[in-house]
Each structure stands twice: as structure tokens, then as C-alpha cells.
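Chemist: Below are the chains, spelled out letter by letter.
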Amino acid sequence: MNAANRTASTAAANAVASSLVGRRQRSVGARLFLFYLVFSTGFGLVALAVLLGTILVDGLPFLDLTLLTGAPSSNPGMAGARPAILASIMVAIVLVATALPLAVATGVYLEEFAPRDRWWIRLIELNIQNLAAIPSIIFGILGLAFLVRGLGLGPVLLAGALILGLQMLPTVIIAAREALRAVPASVRQGGMALGATRLQVVWREVLPAAIPGIATGSILGLSRAVGETAPLLMVGAATFVSYNPGLLTQYTVLPILIYQWMRLPQADFQGLAAAAIIVLLALLIAMNGFAIWMRNRHERKW
Amino acid sequence: MAANTNLPLRDRSTALIHGRKRTGERVVIGTLASAAIVSILVTIGIVLALLGPSLEFFRDVSLGEFFTTTTWAPLFTPPRYGVVPLLTGTLSTTFWACVICLPLGLGSAIYLSEYASRRVRAAVKPVLEVLAGIPTVVLGYFALTFLTPLLRSIGWQVDIFNAFSAGVIIGVLLLPTVASLSEDAMKAVPSSLREGSFGLGANRFQVSTRVVVPAAVSGIAASMVLAVSRAIGETTIVLIAAGQLAQTTLMPGDAVETMTAFIAATGSGDVSVGTIAYKTIFAVGLTLFVITLALNIVAIRMVRRFREVYE
Numbered sequence: 003m004n005a006a007n008r009t010a011s012t013a014a015a016n017a018v019a020s021s022l023v024g025r026r027q028r029s030v031g032a033r034l035f036l037f038y039l040v041f042s043t044g045f046g047l048v049a050l051a052v053l054l055g056t057i058l059v060d061g062l063p064f065l066d067l068t069l070l071t072g073a074p075s076s077n078p079g080m081a082g083a084r085p086a087i088l089a090s091i092m093v094a095i096v097l098v099a100t101a102l103p104l105a106v107a108t109g110v111y112l113e114e115f116a117p118r119d120r121w122w123i124r125l126i127e128l129n130i131q132n133l134a135a136i137p138s139i140i141f142g143i144l145g146l147a148f149l150v151r152g153l154g155l156g157p158v159l160l161a162g163a164l165i166l167g168l169q170m171l172p173t174v175i176i177a178a179r180e181a182l183r184a185v186p187a188s189v190r191q192g193g194m195a196l197g198a199t200r201l202q203v204v205w206r207e208v209l210p211a212a213i214p215g216i217a218t219g220s221i222l223g224l225s226r227a228v229g230e231t232a233p234l235l236m237v238g239a240a241t242f243v244s245y246n247p248g249l250l251t252q253y254t255v256l257p258i259l260i261y262q263w264m265r266l267p268q269a270d271f272q273g274l275a276a277a278a279i280i281v282l283l284a285l286l287i288a289m290n291g292f293a294i295w296m297r298n299r300h301e302r303k304w
Numbered sequence: 002m003a004a005n006t007n008l009p010l011r012d013r014s015t016a017l018i019h020g021r022k023r024t025g026e027r028v029v030i031g032t033l034a035s036a037a038i039v040s041i042l043v044t045i046g047i048v049l050a051l052l053g054p055s056l057e058f059f060r061d062v063s064l065g066e067f068f069t070t071t072t073w074a075p076l077f078t079p080p081r082y083g084v085v086p087l088l089t090g091t092l093s094t095t096f097w098a099c100v101i102c103l104p105l106g107l108g109s110a111i112y113l114s115e116y117a118s119r120r121v122r123a124a125v126k127p128v129l130e131v132l133a134g135i136p137t138v139v140l141g142y143f144a145l146t147f148l149t150p151l152l153r154s155i156g157w158q159v160d161i162f163n164a165f166s167a168g169v170i171i172g173v174l175l176l177p178t179v180a181s182l183s184e185d186a187m188k189a190v191p192s193s194l195r196e197g198s199f200g201l202g203a204n205r206f207q208v209s210t211r212v213v214v215p216a217a218v219s220g221i222a223a224s225m226v227l228a229v230s231r232a233i234g235e236t237t238i239v240l241i242a243a244g245q246l247a248q249t250t251l252m253p254g255d256a257v258e259t260m261t262a263f264i265a266a267t268g269s270g271d272v273s274v275g276t277i278a279y280k281t282i283f284a285v286g287l288t289l290f291v292i293t294l295a296l297n298i299v300a301i302r303m304v305r306r307f308r309e310v311y312e
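In order, the protein sequence lines correspond to chains A and B.
Letter by letter, the first sequence follows residues 3 to 304 in the numbering used here.
Letter by letter, the second sequence follows residues 2 to 312 in the numbering used here.
Hints were generated in silico from the structure; no laboratory data involved.
Keep in mind it's a predicted model, so treat the numbers as computed, not measured.
Any given hint could be a false lead.
Pairwise CB distance ranges, derived in the manner of DEER restraints [to be verified]: (1) L153/A x V48/B: 32 to 40 angstroms; (2) E180/A x T210/B: 28 to 36 angstroms; (3) D119/A x T72/B: 20 to 28 angstroms; (4) R151/A x P191/B: 50 to 58 angstroms; (5) I41/B x S244/A: 35 to 43 angstroms; (6) T32/B x S76/A: 46 to 54 angstroms.
A few chain B positions that, by computed beta-carbon distances, are all more than 10 angstroms from chain A [claimed, not checked]: (7) L64; (8) A74; (9) L76; (10) V85; (11) L92; (12) I155; (13) Q248; (14) L251.
No residue lacks a Cβ here, since even glycine has one placed at the ideal position from N, Cα and C.
Kindly generate the complete structure, drawing on both the sequences and the hints.
Modeler: Pasting the structure below:
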């Protein structure tokens, strides 16, 4: 039974139930319960509204061209976030070039080719589920031990991006698998019946059909990584950087810059932090908007 | 003769089942498989990164001192390595996070799954997803510059950095997670169960609380265990809003240092490699890893059990 069918029958049952219930006096317990449900749902919505309102009120007066084009400075009047904005964009590009293909390849392998019943495949699946729930700061420790100190890469942008990439893997793998699973088996069977090999079927039929789902999951993982703070603190992103970052230079990304500004004693830096938050949220909204556009453009109904 | 006629047939059937063996195809599938191995390497890397320095740490500091004494001052002279203040700090923020996200997340889930019309659900769910996607540094800012001053303005003299504000905002962050995972669990309850109880004259309140929630209980519990694990591991919000004062207290208005905040604060400072202060990062990290790993395994097992029931 598919989801739409189920929803429809639930809706029908609900309609019947409400017409029956409507005639009776609702018990006090039922009313209190409904109040609890509406309060719970409203709480999250109100919290989000107040949060965004606070940020806009604090940040809008400080949102100007200097913030976008200037470099960090100890003088709040001249301080800008350009190096951090560029670094955040570069991190996103590195992630798209490294972690994203790796995660999609893993998803394709597990969903399309892996021998499901083998213990080592189950181990990989269990491992991915667990990785998805490991605290981000632990990934920071991994980066500190292996990339920054062990490999001697130092506190450079590439090291930070790679750590965020590893942290992003499970989210994108799980999303990619779900997208692939949603492609009906008939597509695969049709391709095979015409003599295509499994790889040809996956590459030419299944993967293109799953692209919208994979893209949505990828953007979700990407925006989490771009908004991430904690693991980058461990790999030395919390430095004063006034030049445009390169792959192998020191760097500060937007969330870290916000964190640093927030901790400065001058009140103006609080406002700058809020303004930088607006820039960060705008960046994330742009990424997610792209994902939604992509999904709507390529979505297919089976 | 018999062998000759059998052979091509057998060949043909294997060709149909396995396809032609192309080397290129094998190489590509092998490459995809090696991508899957990376995730295993990450876990092995994490365990190795944590274990090495931790073992060295516990050569110098006894497990008894680490887990039973109540002063945490690894950078002072003489250094003290009692992890209890970090544990109570984590417990304190996690408790307030749970007070918010567990009941409210469950309430949202029941509302969205059992009560809301399709239009309301279509409007509310994306908004909750946005809330779950807000970067933690933004939520930390909100806790420090909005919630804490608000608490003070209504006459509760909390510290500037306090466990309560940080915990409540972690709860807000996790509310959508609990709501979404619990809703998935309730959606998996077959509608025949609902229809059956509606048919017996139950109202929606009775169906929700006596049929749907009990039927989905292991999925709901799993979402809650996962939320506890996330709350324990949350770093940025506590670092910004709960402070970095390692004291053994469970008072909500007090500044505390959590395990995660200690790791982040020490790791972002300039600690030289090989010193015992450097190794404390890994010892505390290992403690955190073991706690969250245990919770994750519990959650994964619960989800698996609930899947077996209805599929």
C-alpha cells in the first residue's frame, strides 16, 4: 500500500471520526491533550519566528557593504567578513568535489551492487548509522590528530573542509540510498531485459532518476557542513585572517567569525555578529533554494 | 554427445544471470565498493585517534581519580583531573534540552501525524525543517543575547553563562528531530489499527494515546534516545551560552562546562602536542564517544525492532 493511499484512508477515517465526535461533548482530558499538541507544534514555530526576529533587529543596522567586502578588523566600524564568506564558499566547493561523489558512490554501491546478506555489508550499514550520530566535536578530534598534527597539514582550509566532508558522509549516503530506493524496480528490470548490464542500468537509468532526491539530501548535508562550528575550532580555524583564503592557507569560515565576534566585549561586535548571521542564513537559503529548484525541475512521478 | 549439448546451454544460462563479465564493469564496481570502505576507515580512525593519547593519559592519571574526584583543572598547577564537573555540566544542559525537546517533539509528532489536516502539515513540516537547519552558532547567539537577558528581566538571577539557557536552546534545536522521527514511527502504524478503533467508537484522543502511540513506542523511544545522544554531543551552543567554568553543580542558573565545551575550548587554544593537557582532550573525547556510542546502538536496535513489526 503506498503512502498516498494510506493518507487518503486515514483522512477518510478521520473525517468519519470527527463527524461522530463532533456530536458528543469532548472530555476534559481530550481537550487538554489537544491543547498540549497545538502548544508543542506552536512552540517550535514561535521559537523560529522569535529567533529570526531577534537576529534581524540586532543585525540589520550593521548589514552594509563593508561587512561583505571588508576584512576582519579590531575596529568595528571597518570590520568585514569577506575572507570568511569566501572561505565558506570554498569549503562548500571542496565538499562538492570530494565528499559528495564519495558519498554518492557509497550509496550506489550499497543500494545497487552490495551483497546485502553478507556480514560485512551489514557492518558498513550499522557503521554509517552510528557515524551519523557521532558528535561533531569528535570529528574535530579526528582532524586534529590525523590531518593537522599527524599529516602535518597544519590549520589550513583543506584540512577543515576534509573533516567537514567526513562528517557529511553519512547524511548524504543515507539520502542517496533513499533516493535510489524510490526508483521503482521496473526501471531496472526494463533496462536489464533490453540487455543492459547492471552498471549500464544504474548509470543511464537509475542514477538520473534519483538525481533530484540525491541533490536534496546533498544540499541538506552541505548546508549543515557550511553552518558547522565545533569541529573547525579543533583544526585551527579560529584565527585572525585578513587576506583571501586559498586551499592551503589559514582561514576562518563565517560561523567561526560569528563565534569570535560574539565573544568580543564591544557591543558593536554583537551587532556585527548578528549581521554576519544574516549573511550566513542568506547563503544557506540560497543553497536550499537551489536544491528546491533542482528538485522541482527534475522530479518525476512513477 | 550429451556433454556437448549440455555445455552451451549451461553457458548461456550463466550468461543471462550474471551478464557478460567485463573487466571495466568490475573495476567500476570495485571502486564503488572501496568508497563504502571509507566510512569504516573513518570509524577506525576515530577510535585510533582517541585511544592512543587516552591510554597515555590513563598511564599518568588513574581511572579512580578521573571518574571520582570533583575538581577539573588540567591546566593549573598542580593539575587536577576529576571529570565529574564536566559530567554534571553535560547532565545539566542535557536535562533541560530533554525537558523541552522530548514532550514538545512528541506532541508535535502526534499533532502532525494524527490531528493535522494535509494542508496544515504541508505548511508546518518545512518550517520545522528550517528550525532543524539553523546553524548551532546562531542558536548559541540566541541563547546568550535573547534567552538569558529575558530570564534576568523576569527576575531570575541566572549567571550570564548558564546551563538552563543553553539546554533550552539545544531542546529547541532537537525538537524537530524528535518530531520528525516520531512522526515517521507513527506513520508506519497501519491505518487499519486506527480504523478498527474508530469503528469501535473511540475518539481521536483515545486512538492517538491508546493505539497509535503504544504501537509506535519503540520508534518514538529511539527518536528520544537519539535526541539525548545529540544533546550530550552538542558543542557550539554550550560553548557560547553555558560557559567554561568546570564546577560540580546541577543548579540550572549556574555556569557549567560540558565535556564538549572543554574539548572545543582546549582544542582551539594553543596546547602543545604531547603534554598531558593535550591528552586530556582525547581522554574526555573518549568518554564522550563511549557514552554517545552506547546511546546510538540502543537507538539503532530499537528502530530495527520497530521495523520488524510492520514490514
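Chemist: Between E180/A and T210/B, does the C-beta distance stay in 28 to 36 angstroms?
Modeler: Check passed, 30 angstroms falls within 28 to 36 angstroms.
Chemist: Can we confirm that no CB of chain A comes within 10 angstroms of the CB of L64/B?
Modeler: holds (20 angstroms)
Chemist: For L251/B, is the shortest CB-to-CB distance to chain A above 10 angstroms, so the non-interface label stands?
Modeler: Check passes; 22 angstroms lies beyond 10 angstroms.
Chemist: Is 46 to 54 angstroms right for how far apart the beta carbons of T32/B and S76/A are?
Modeler: Holds, at about 50 angstroms.
Chemist: Lying within 32 to 40 angstroms: is that true of the beta-carbon distance L153/A to V48/B?
Modeler: With Cβ atoms ~18 angstroms apart, the hint is violated.
Chemist: Examine each Cβ of chain A, and state whether all of them lie more than 10 angstroms from the Cβ of L76/B.
Modeler: holds (17 angstroms)
Chemist: Quick check for students: does the CB of L92/B sit more than 10 angstroms from each CB in chain A?
Modeler: Non-interface label stands for L92/B: nearest chain A Cβ at 15 angstroms, farther than 10 angstroms.
Chemist: Grab the minimum beta-carbon distance between V85/B and chain A and tell me whether it stays above 10 angstroms.
Modeler: holds (20 angstroms)
Chemist: Does I155/B clear chain A by more than 10 angstroms, comparing its Cβ with all Cβ atoms of that chain?
Modeler: With a cut-off of 10 angstroms, I155/B remains clear of chain A, as the shortest Cβ separation is near 15 angstroms.
Chemist: Taking the Cβ atom of R151/A and the Cβ atom of P191/B, is their distance within the range 50 to 58 angstroms?
Modeler: holds (54 angstroms)
Chemist: Note whether the CB distance of I41/B and S244/A lies within 35 to 43 angstroms or breaks it.
Modeler: Given about 41 angstroms between the Cβ atoms, the range holds.
Chemist: Would the least Cβ to Cβ distance between Q248/B and chain A come out above 10 angstroms?
Modeler: holds (21 angstroms)
Comparing the model with each earlier hint shows violations of hints 1 and 3; every other hint is respected.
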